[in-house]
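Line order of the protein sequences matches chains A and B. Note that this note's numbering numbers the first sequence so that position 153 is 153, with each residue one more than the last. Note that this note's numbering numbers the second sequence so that position 39 is 39, with each residue one more than the last.
Source of the hints: derived by calculation from the structure; they are not laboratory data. Where is the CB? At the ideal position from N, CA and C, for every residue including glycine. Misleading hints may appear alongside valid ones.
List of simulated lysine to any residue pairs, SDA-like, C-alpha gap at most 20 Å [what the hints assert, rightly or not]:
hint, chain 1, residue 1, chain 2, residue 2
1, A, K2, B, T108
2, A, K2, B, D135
3, A, K2, B, E134
4, A, K2, B, R14
5, A, K2, B, E114
6, A, K2, B, R136
7, A, K2, B, R13
8, A, K2, B, L50
9, A, K2, B, G37
10, A, K2, A, A14
11, A, K2, B, A18
12, A, K2, B, R111
13, A, K2, B, L166
14, A, K2, B, P21
15, A, K2, B, R119
16, A, K2, B, V138
17, A, K2, B, D112
18, A, K2, B, L19
19, A, K2, B, A164
20, A, K2, B, D39
21, A, K2, B, E40
22, A, K2, B, R129
23, A, K2, B, G118
24, A, K2, B, V22
25, A, K2, B, E17
26, A, K2, B, E109
27, A, K2, B, R125
28, A, K2, B, R161
29, A, K2, B, D126
30, A, K2, B, V133
31, A, K2, B, L120
32, A, K2, B, R115
33, A, K2, B, Q124
In silico negatives: residues of chain B with every beta carbon more than 12 Å from chain A [what the hints assert, rightly or not]:
hint, residue
34, R33
35, G85
36, R123
37, L145
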Amino acid sequence: MKTDDLIDGLVADADHPVLPLARGFGLAVLAGAIVAALLFALLLGPRPDFAAVAATPRFLLKFVETGLLASAATALSIRLARPEGDGTVAVRVLVAAALLLGAAVVIELVVVPGADWGRRLVGRNWYHCLALVPFLSLAPFVALMAAARHGAPTRPRLAGAVVGLASAGIGAFFYAANCTDDSPLFVVTWYGLAVAAMAGLGAAIGGRVLRW
Amino acid sequence: MRAAIDGDRTAYRRLLEALTPVLRASARRGFVRGGLGADEAEDVVQETLLAIHLKRHTWDRSQPLMPWVVTIARNKLIDALRRRGRRGEVPVEDFAEILPAPPERDPTEGRDVERLLGRLGARQRDIVRSITVEDRSVAETASRLMMTEGAVRVALHRGLRALAALYGREP
Chain A
1 MKTDDLIDGL VADADHPVLP LARGFGLAVL AGAIVAALLF ALLLGPRPDF
51 AAVAATPRFL LKFVETGLLA SAATALSIRL ARPEGDGTVA VRVLVAAALL
101 LGAAVVIELV VVPGADWGRR LVGRNWYHCL ALVPFLSLAP FVALMAAARH
151 GAPTRPRLAG AVVGLASAGI GAFFYAANCT DDSPLFVVTW YGLAVAAMAG
201 LGAAIGGRVL RW
Chain B
1 MRAAIDGDRT AYRRLLEALT PVLRASARRG FVRGGLGADE AEDVVQETLL
51 AIHLKRHTWD RSQPLMPWVV TIARNKLIDA LRRRGRRGEV PVEDFAEILP
101 APPERDPTEG RDVERLLGRL GARQRDIVRS ITVEDRSVAE TASRLMMTEG
151 AVRVALHRGL RALAALYGRE P
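So that you can see chain B by itself, here it is in the shape it has in the complex:
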């Protein structure tokens, strides 16, 4: 995370990819415990990753990273369970034992994010989809939409922030 905050993208990707299975295991466990299907848990994984990304400056560099990650994950899980009308209480112990969970493959499809993307402006949605789902780089997206790279970056950032805000507002 330190390297990532200092601008090392490769390190950042490695970190997010390493955190994902951990987040997935805890989200599924939380959903099953709350009487919900584990297949919906991927939405919480994605919402948590988005929060980790947008709030990464709230991690105190002098502290270990995992307690910070776990706190965010627990909060997002509680929010998600609450939105789905379940008991929103998750003990910390649920997260303590799941660190070495093996990486799981699929289904890694998030449904909330698709629906929320539909509520962004057309241009923002295009840009977010282009860089995520369609695997284009910022430069490719910029030339395809005839925008400057700076404008694409700004639109991407605003789009991600808007998505994060929409999660909380959706019923």
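Here chain A stands alone, though its shape is the one from the complex:
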């Protein structure tokens, strides 16, 4: 086939509607978050003392952290879905979120006596956290991976890892309302592990499905 002939075909296909990249990601976040919210409402629900702790800084920090992770990683995955995209701004937000969590850990270590560190780190429900954060992340993960596939990432493993981060952020945001462990020591350890696992899964899958 001659190149001019191919161009005829491409021009004939130009009317085919294409979903703008950012809108695809927007729909993916929306769909993923709705499924995660439904699963949360049906199977978990908020913790019993939700009203009492709703205004405590440790509890709120979990939502700030997971919300920052979800939004910055989603923004970054949109950038990485463009061939020439780099996401300096989003990376800065991610780093800021990590620094904020680091500061919270330091404060926790200062205000809590050393004998209590271990108990706070292990918490009551660490295995719930390790299982439920990935579970709630699954729908956002599939939806965001599909949105990234619609794009054209030139670094598929990195793009996949960031999709994993974003979906873990969404899953963890919901799980945080159910989780009764609020210490930053707990969050950095168990949430951190769950988020890292999703990022690893995303890198492995992204390396396969995000090539184009």
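Mind docking chain B on chain A? Use the hints.
Same frame as chain A, now just chain B:
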């Protein structure tokens, strides 16, 4: 490209035709550098055009178009060299100086695309060939195959997507 995305076909054709010699010059250069014959480079040109078409929504309208085109072209060239077992590293500078390259005529025949067309379903292949090689319009193709124009458009789009996917999977 802006006009093309908004549905101006004439502008889209002009754009693709203007990009083609640029892509051809860089693909040939890359092939020669990789120790391969420049005559095979047309396959990369076609694969790149297909990717530009199918991924045009990944161009950020607020940014200049050429860096986006060059990134896609470089990736497709690297993929092609890798598939042919050569070193897949191409410096960006290769693309910087080739913008004003004069349009070259022939050979503009792609061989990969013919082989990959053979792997599509019969109906899809008919439709893609009818609109490309045989120069029929969507309407003519539809009446010849006794299909609706909508169905032809959908089949054409799926066929092009299948072709793009096959490039990556072929050894």
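Here's how the hints hold up against the structure:
no.	hint	in the structure
1	K2(A) x T108(B)	5 Å, holds
2	K2(A) x D135(B)	11 Å, holds
3	K2(A) x E134(B)	11 Å, holds
4	K2(A) x R14(B)	17 Å, holds
5	K2(A) x E114(B)	10 Å, holds
6	K2(A) x R136(B)	15 Å, holds
7	K2(A) x R13(B)	15 Å, holds
8	K2(A) x L50(B)	13 Å, holds
9	K2(A) x G37(B)	18 Å, holds
10	K2(A) x A14(A)	19 Å, holds
11	K2(A) x A18(B)	16 Å, holds
12	K2(A) x R111(B)	9 Å, holds
13	K2(A) x L166(B)	18 Å, holds
14	K2(A) x P21(B)	13 Å, holds
15	K2(A) x R119(B)	18 Å, holds
16	K2(A) x V138(B)	19 Å, holds
17	K2(A) x D112(B)	11 Å, holds
18	K2(A) x L19(B)	15 Å, holds
19	K2(A) x A164(B)	16 Å, holds
20	K2(A) x D39(B)	13 Å, holds
21	K2(A) x E40(B)	13 Å, holds
22	K2(A) x R129(B)	11 Å, holds
23	K2(A) x G118(B)	16 Å, holds
24	K2(A) x V22(B)	16 Å, holds
25	K2(A) x E17(B)	13 Å, holds
26	K2(A) x E109(B)	4 Å, holds
27	K2(A) x R125(B)	16 Å, holds
28	K2(A) x R161(B)	18 Å, holds
29	K2(A) x D126(B)	16 Å, holds
30	K2(A) x V133(B)	7 Å, holds
31	K2(A) x L120(B)	18 Å, holds
32	K2(A) x R115(B)	13 Å, holds
33	K2(A) x Q124(B)	18 Å, holds
34	R33	20 Å, holds
35	G85	18 Å, holds
36	R123	15 Å, holds
37	L145	15 Å, holds
This entry satisfies every hint, going by the numbered hints stated previously.
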